[in-house]
Every structure is written in structure tokens, then in C-alpha cells.
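Given next are the chains, with one letter for each unit.
Protein chains: 2
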Amino acid sequence: MSLDVLISEMRAGSRLALARLISKVENSREDRPDIVRKLFPLTGHAEIWGITGPPGAGKSTLVDQLTISLRKQGKRVAIMAVDPSSPFSGGAILGDRIRMQRHTSDDGVFIRSLGTRGQHGGLSRSAKEVAMVLDSAQFDVVLVETVGVGQTELDILKLAQTVLVVLVPESGDSIQVMKAGLMEIADVFAVNKSDRPEADKLVKELITMTSLNDHDEHSWIVPVQKTEATRNVGIEELIATIGKHQTWLTSSGMRAQKEKANLMTEVYEILADRLRQSFDAHLQTSSGQEILTELVNKKMDPYTAADRLSGIS
Amino acid sequence: MSLDVLISEMRAGSRLALARLISKVENSREDRPDIVRKLFPLTGHAEIWGITGPPGAGKSTLVDQLTISLRKQGKRVAIMAVDPSSPFSGGAILGDRIRMQRHTSDDGVFIRSLGTRGQHGGLSRSAKEVAMVLDSAQFDVVLVETVGVGQTELDILKLAQTVLVVLVPESGDSIQVMKAGLMEIADVFAVNKSDRPEADKLVKELITMTSLNDHDEHSWIVPVQKTEATRNVGIEELIATIGKHQTWLTSSGMRAQKEKANLMTEVYEILADRLRQSFDAHLQTSSGQEILTELVNKKMDPYTAADRLSGIS
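Those sequence lines, one after another, are chains B and R. Heads up: the first sequence begins at 1 in our numbering, then just goes up one per residue. Heads up: the second sequence begins at 1001 in our numbering, then just goes up one per residue.
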């Protein structure tokens, strides 16, 4: 089937066409540029929300409840679950996804797991391009859920316009937030399992931390929202809070700024991937093999080798 | 002070000169290539051991005990503590390092923390080049300790010849090992806190897992060593086991193969960093700004922008 046919079927609502396009973006070096070229002008409709937090914070349940509430508002929702820490499992977080099966009969919900396997040119670029496909498929909200808070996860979350950090009341949690760099990326905090006795203490600590950041009357003060995802408490309020952030993004000019930064990163990642390919190809040639031999024998250092190889791309 | 003077002082045993060279490699784009060019031919002496495992496994205590035992054998030991998950703390894991102060009066031990701050061109490249400096300073063993098991940590551990994975007997630990990809990178397992009741069960599980891997008579079967780092139990045996792996690396030809792969990666990382710099510089020009504007207005897609920018480096 030609790309054009696939794309028009996807735009007409075909889930199968959508799934195939995503797989091609993830796995096919050949089709990927063409797909992005064709879909890019069709993007810009979706709100992209990132969701992260420590394991056990209840992210999946929260994503589930957000999805239900958004569906009640008539919004079409796509969920991307990204787990960069599982390089060998391919499609990850599948256990948690089982719970999401209640949405399988709902055409307004689409769920996709992204693992590290088969992600040519880096997971954060793949995630960005898959989000682009979902956007062009006219979902209203794309939820990007990541596990853990390593550097890769932080990179991936940059594709989101609004980043929601989910925490649970546990001793030392606010220190963890600082250490893991979550303070820097959070646009909204959710204190989940807020029926626990320590919840108010954590909320207070977070409010203190967020108010310590420099800000003037135009800047965004990161709000803290209490939720109990399992009992559907605080979910509507959380969606309203995220909505306020989305409004602020536009009025402050931050939306355009973030988009610009993301596009620049993507262009760089495309160039770096091409460099990687020419590099690998060149090492197969006799001059590449010569350089390698001299390197291994310490007759040439890595910087001189890089000088010799510059201009290969 | 000129680089040549610094280097000869470092080679004569000056810790100050060593510390300054490492800082330059980490922070100075200008000096870094020159330092690596000069030191690279002097490397190849040190054994590089990687140490990783989940938080709470007792890695730091184990590193401490390994250091004491290696010192008793007359070996000079350098410790690199790398924490990629703390992008904002700069030098990381310092809390644990306090315990290591007992070595401060010992000229045969050198300790250095590497954070993400100021690491031009990526943490794994920095870690590789810092290890190179330590190698050229004639340490016998360089211990590279990482926290956590994200993709960045796995990348960093590739610089080690022997990777030691430290685990503690806790329920579900062996499943964690599989999930986190530790099975793929472990050359030696240490089951620490082996006085705990579940220790033998974990040892058995690990042995089953390691024996499941394909291997012939020439391949390395990952050994499992019980330790109690706090009581100095099993440490000598662990060092002997790592020694066997080092011998196997040479006899199997794997040492050369690993070194080759690491050198190739480093050359690529240097080229990618140069690409990044020309890319950033080009975006400041009027033609770069034009491309950016067209991207933001969706009049140009990222792949076309990459085509337009190819050849900038």
C-alpha cells in the first residue's frame, strides 16, 4: 500500500493505518523521512502532555483516569508509554497496559508502547516523530508516559508542552524531586494517593520549593494538585490546571519557543543519525580499516582519527 | 602552566597536576583534544572495572573494600563515581564519598566524582577520556562506579573491561536484573549482604540465568560471588574472580575487540560534538534563521531542513 493511501486512511480514522504508519516511523529508515515530510504540515492540533514520576506513584492509574475524563469531554486521546530503561523488552510497560484494555473498544483512544528496540537514531527522536504522527491523526491530547527519571526520560519529556510530575507522600520524596531534576521539568505537580497522612506535608514542601524559583508576574508558578487516582478524586481539577498551563503557554510565547527548540533538536538528531551511518559505512572501507588499526595500535589518537574522518558525511 | 609541564608532573605522581588535567578534559573544549592527543599513547596499563547495581546494594562499601584489598596488593587505585541521573548537582554521590576519606592520606588512591554539569559532548565520552587520563597516570586499577541502570549508565559501563554487577538478596531481584538489562552487561555478579536468608536463593537463580546463555568452551560463564562488604567477607575471592575475567579477556581476544569498539564510539562522539557545534553556529547565521522560521511556520519539514543543513560541518 502506498504511503499516500495509508495516510489518507489514517486521516479518515483507520486505526490499522495509524498503527502501520507508526511502525514504519519506528522501524523503517526508508519510509520515515517521507512520512514525516508528508505529515508535518498536518500537525499542530494536539496538546502533548508528559507524565512522569517515581515508580509506584500511580502514573498508570492516573493516565487511565485522565483518559476517561478527557473522553467524557469528547476529546480523542492517544497514549504513548515510553520505557527507555528496558533496552531488551522492546515494547515496554505492557503489564500496566492490561488495565487499559477497557478502552480497546473505544475508537477515541489509541495506546502505543515504545521501547528501545529498533529505534533508529535515538528514542527521543522516535518519540517525537511518533507524537507527530498521532498529532496528524487528529488526536486532541497525546499523553506521553515515561517510567523513571534518567537523562533519556528527561530528553523525551521535552517533546511535551505540559509536563505533569506525579508524586506520592513518602518520606524524603521532596528531596528526591530536587535530586532527580524533576523541579526543572515540572509544569504541574500531582500529589497522588493524597489520602495518605503525609500528603499535606508534601504539598506544603512542593509549594515552598516552587515559590523559591525566580518569577515575575508573567511567569508560570508550578501548581500542586492533590489526586487520588484510584477513587477518581482531583482528576477534573488536574485537567483544568493543565488547561491553564496550555493557555499560559500561548499567551506567554513559550509555546512557540518550546516548539522551535524541539524542531532544532530534531533536525540535529537527523543530521547526527546520517553522520552515524556514513561513519559506520566508512569504517568498512579500506581507509576506514587503516584508521581503526592505527587507533588500536595507539599510533593514532581519537582526535586525529576524527580529523581524518571529517567530511565523510 | 603549559600542558607538557602539567603532564610530566602528573606522570611524576603529582595529584594536583592530575586533578587539573581531569578538570581540563571535563571543562575545556580547547585543551581537551591536546590532552588526549598527548596522553593516548601513554595509556594501556590500567585495568578498568565497572561497578553497578540497584541503589542500596552496597556498591560504595564494596568499592571501599576492594580499594583496601587492592592497596594491600600494592596496586594504585583510582575511583570514578559517575551519576548521570543528577544533572543539577554537578559532582555527585559526594555523601558516599565521605566514607572514603580514610584514603585521603594515601597517595595510591585517587577519587573523582563525575556529574553531568559541564560535560561537553556527552557524559560517556567524558568518562572515557577521564579514565584515559587516570590510565596514563599509571593507576593499576580504575574503578568506575555508576548509580542506577539507565541507558546512560549502560553506555558508560562499556568503557570498563570487566563489569561487576552488585545485587542484594531481595524478593524479585533476579527479575529486576533481567528487566534492567544487567544480564547483558555483567561479567561478574556479586551477591552482597550475603548473610541475609534469601542469599542462596538469589545465587542459585543467577547461576541458572547465566548458564542459560549460549556458550561454548571458549566463552565466559558469568560467575556469582557472595560478599559481605561491611565485614570484608568474599572480597579477596571477588578480586581473584575479576582477575580471571581479565585473563580471559586477553586469551579470548575480547579485550582487543572491546577496545576497538570503544575507540570507534569515541571517534564518532567527537565527530557528533563537532557537528553539534557547527549546527549551533549555523543557526545563528541569516540562512540558519531563515530555515528556522520556515520550520516553525511548517513551511519546511525537519528532513528538508536537515538536507539544507547537510555539509555545514
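Be careful, since some hints might not be right.
Unchecked claim - With a straight-line cut-off of 25 Å between C-alpha atoms, the simulated BS3-like cross-links for lysine-lysine are:
{"no.": "1", "chain 1": "B", "residue 1": "LYS244", "chain 2": "B", "residue 2": "LYS204"}
{"no.": "2", "chain 1": "R", "residue 1": "LYS1158", "chain 2": "B", "residue 2": "LYS298"}
{"no.": "3", "chain 1": "B", "residue 1": "LYS298", "chain 2": "R", "residue 2": "LYS1038"}
{"no.": "4", "chain 1": "B", "residue 1": "LYS38", "chain 2": "R", "residue 2": "LYS1204"}
{"no.": "5", "chain 1": "B", "residue 1": "LYS260", "chain 2": "R", "residue 2": "LYS1260"}
{"no.": "6", "chain 1": "B", "residue 1": "LYS299", "chain 2": "R", "residue 2": "LYS1024"}
{"no.": "7", "chain 1": "R", "residue 1": "LYS1038", "chain 2": "B", "residue 2": "LYS38"}
{"no.": "8", "chain 1": "R", "residue 1": "LYS1204", "chain 2": "B", "residue 2": "LYS299"}
{"no.": "9", "chain 1": "R", "residue 1": "LYS1158", "chain 2": "R", "residue 2": "LYS1024"}
{"no.": "10", "chain 1": "R", "residue 1": "LYS1260", "chain 2": "B", "residue 2": "LYS299"}
{"no.": "11", "chain 1": "B", "residue 1": "LYS158", "chain 2": "B", "residue 2": "LYS75"}
{"no.": "12", "chain 1": "R", "residue 1": "LYS1204", "chain 2": "R", "residue 2": "LYS1038"}
{"no.": "13", "chain 1": "B", "residue 1": "LYS299", "chain 2": "R", "residue 2": "LYS1244"}
{"no.": "14", "chain 1": "B", "residue 1": "LYS258", "chain 2": "R", "residue 2": "LYS1258"}
{"no.": "15", "chain 1": "B", "residue 1": "LYS298", "chain 2": "R", "residue 2": "LYS1024"}
{"no.": "16", "chain 1": "B", "residue 1": "LYS299", "chain 2": "B", "residue 2": "LYS158"}
{"no.": "17", "chain 1": "B", "residue 1": "LYS158", "chain 2": "R", "residue 2": "LYS1226"}
{"no.": "18", "chain 1": "R", "residue 1": "LYS1258", "chain 2": "B", "residue 2": "LYS298"}
{"no.": "19", "chain 1": "B", "residue 1": "LYS298", "chain 2": "R", "residue 2": "LYS1298"}
{"no.": "20", "chain 1": "B", "residue 1": "LYS299", "chain 2": "R", "residue 2": "LYS1158"}
{"no.": "21", "chain 1": "R", "residue 1": "LYS1244", "chain 2": "R", "residue 2": "LYS1204"}
{"no.": "22", "chain 1": "B", "residue 1": "LYS24", "chain 2": "R", "residue 2": "LYS1298"}
{"no.": "23", "chain 1": "B", "residue 1": "LYS158", "chain 2": "R", "residue 2": "LYS1258"}
{"no.": "24", "chain 1": "R", "residue 1": "LYS1298", "chain 2": "B", "residue 2": "LYS258"}
{"no.": "25", "chain 1": "R", "residue 1": "LYS1258", "chain 2": "B", "residue 2": "LYS260"}
{"no.": "26", "chain 1": "B", "residue 1": "LYS24", "chain 2": "R", "residue 2": "LYS1299"}
{"no.": "27", "chain 1": "R", "residue 1": "LYS1260", "chain 2": "R", "residue 2": "LYS1158"}
Stated by the list, open to error - Chain B regions said to be covered by chain R (calculated; three or more residues, Cβ under 8 Å):
{"no.": "28", "stretch": "163-169"}
{"no.": "29", "stretch": "264-271"}
{"no.": "30", "stretch": "274-282"}
{"no.": "31", "stretch": "302-310"}
Read the hints as simulated data drawn from the structure, not as lab findings. Quick reminder that beta carbons are idealized off the backbone N, C-alpha and C, glycines included.
> Hints broken by the structure, by number, lowest first?
Replying inline: 4, 5, 7, 8, 12, 13, 14, 16, 17, 19, 23, 25, 28
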